[in-house]
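Given these sequences and hints, build the entire structure.
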Amino acid sequence: MIAIRDLVKKYSNLTAVDGLNLDIYESEVFGLLGSNGAGKTTTIHMLATLLKPTSGTAIVNGYDIVTQSAKVRSSVGIVFQAPSSDDMLTGYENLKLHSWLYNVPRQIRAKRIAEVLDLVGLTQRKDDQVKKYSGGMRRRLEIARGLIHKPKVIFLDEPTLGLDPSSRESMWEYIKRLVKEEKITIILTTHYMEEADLLCDRIGIIDKGKIIVLDTPSRLKEMIGGDVIKVRLSHEKQPNIELLKKFSFVHKVEQSNEDGLIHLSVEDANRNLPIILKYIDTEWVEYTSPTLNDVFLKSTGRNIKEEPEGGFMEKFARYDQK
Amino acid sequence: MEATSTILLNNVINVMTFTESLGRLYALWLREFKVFIRERSRLIASTFTPVLWLFVIGSGFGSTHPSTGVVDYQKFIFPGIVCMSVIFSSVFFGSYIIWDRKFDFLKSVMVAPVSRDIVFIGKTLGGMPNSLVQAAILLVIGLTIGINMDFISLVQTVIIVLLLSFSLTSVGLTIGSYIESLEGFQLIISFVVFPLFFLSGALFPLKSLPLWLLLLSAIDPATYAVDSLRAAILGISSYSFSIDVVVLLVFTIILAIFGSYSFRRMRAV
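If you read the sequences in order, they're chains W and F. Count along the first sequence from 1, then add 1; that gives the number in our numbering. Count along the second sequence from 1, then add 478; that gives the number in our numbering.
Simulated from the structure, these hints should not be mistaken for lab results. Check the hints yourself; a few may be wrong.
Derived DSBU-like pairs (lysine-lysine); straight-line CA-CA distance at most 35 Å [claimed, not checked]:
hint : chain 1 : residue 1 : chain 2 : residue 2
1    : W       : K72       : F       : K512
2    : W       : K97       : W       : K181
3    : W       : K132      : W       : K181
4    : W       : K184      : W       : K112
5    : F       : K585      : W       : K153
6    : F       : K585      : W       : K112
7    : W       : K253      : W       : K211
8    : F       : K553      : W       : K97
9    : F       : K580      : W       : K153
10   : W       : K279      : W       : K299
11   : F       : K585      : W       : K209
12   : F       : K512      : W       : K53
13   : F       : K512      : W       : K133
14   : W       : K279      : W       : K238
15   : W       : K279      : W       : K246
16   : W       : K53       : F       : K580
17   : W       : K127      : F       : K512
18   : W       : K211      : W       : K53
19   : W       : K53       : W       : K279
20   : W       : K209      : F       : K580
21   : W       : K211      : W       : K72
See below:
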């Protein structure tokens, strides 16, 4: 569906996208995961032909983003990081405007607008001015706008950035519904790990303009080596510790220098922890399952930032100092 | 045979893209129009200044400055005041492209398969209802100072207001497309609107001007609007009505080309 080849975008003093190669398949939900400034948005802007690549190209839906930009535009939808609807107009009027701009045939215009409004659950509020919408509703209207011309591909740039936890969860529900009902290829960028984990079929971790890891969420987590069980033994010198290594579900047993605990890397701790506990005497047990955050940490050596740089709180802090 | 069908097909495609473009133009214009209707405070604020000029300057100078020819001073500057309201509101309309950019609306239009020329023309046409309604309000106020118009002069007035509005909205949007901040825009347009207004001959007759001022006023599109409007409303003018309209039309086309060009080079993100 999308084939990105050696895509590069340089600005005068930095390289935002640095030789990106990536294939995205039809009808999958692909997540571009990365911290702020990793090149996610720049990549999406290039794929949607808003930015010209410095070099390299991509084929989107069979069209070249450099030489056939008009055709690319007609076949993709994009939802920007910040809502872009005119808030003096109603939700319905915004959709109507874009149905004209995308040249949706007159006969199906009204039907299509009704469909997308229903899909994002805004039918009730369609005749209210957008300025009366909540943050979550505005985002949903954006998604409806992006879908108005039945694109084959839709880009969602940080679809839940800045939403409160409950609107974030309802947004996820709408995105899942979109996958089911529209049979569309979705490329979403996010720096929320759980969002990527929950929604995406495959995830590419992008750092400094390059894809550094690419796989399904579950296999990415396996890469970390399964669940980790930490135990403190009731008494030292337990010979069974060595025996544990013989189980096929135990990958590694080692004494940590940091906390002095025994760390066991195992598959499926839910099922296997009771078995292990039959063999050793413990006075304290904890186990953790790997998250995408661990994957990110391992592949980039850094924690992902949870809040965007120069975000609201930072500005606030700056005012405070004055 | 094949050649004929190819030509036929191309024509069909051209007609289709033409009607598509019209549809898009209409959609973009309609959006501006709806915003205009919903933000009436804009209109009241921008009509106030011209009315102030008409009555304060008109009566104030009128009492000391009788030598404008056949009509009294207040009537003499009336067409100029109508043009003034169009000049101010049209150039100021350029700030809305900065708003569109700030709120990412422009980005959503630019990512649609719409040519930048259409975006430009749609936006420019969107500025015209404002000018027309303001002119209409001033014409009604004009009745109180004894400005009476017949149907033909009304039609002429509408044509001139539309042309002037289109050309100066182009100027405003051209400036707006280069400027990031509203504050910067405000500052720069004050260097544009006042010369446009003062040099247009809105407040004085052109015939007694020194040469340098005459030359400057000759490159001001508003000069021809004021002059033709004076011909239409009062029946007095320095040039003939048809010459004024042709020159204004040429200005409009040139300024629109500038505007389209600056929209094409405007960065989308």
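Numbers of unmet hints, in rising order: Hints 8 and 19 not satisfied by this model.
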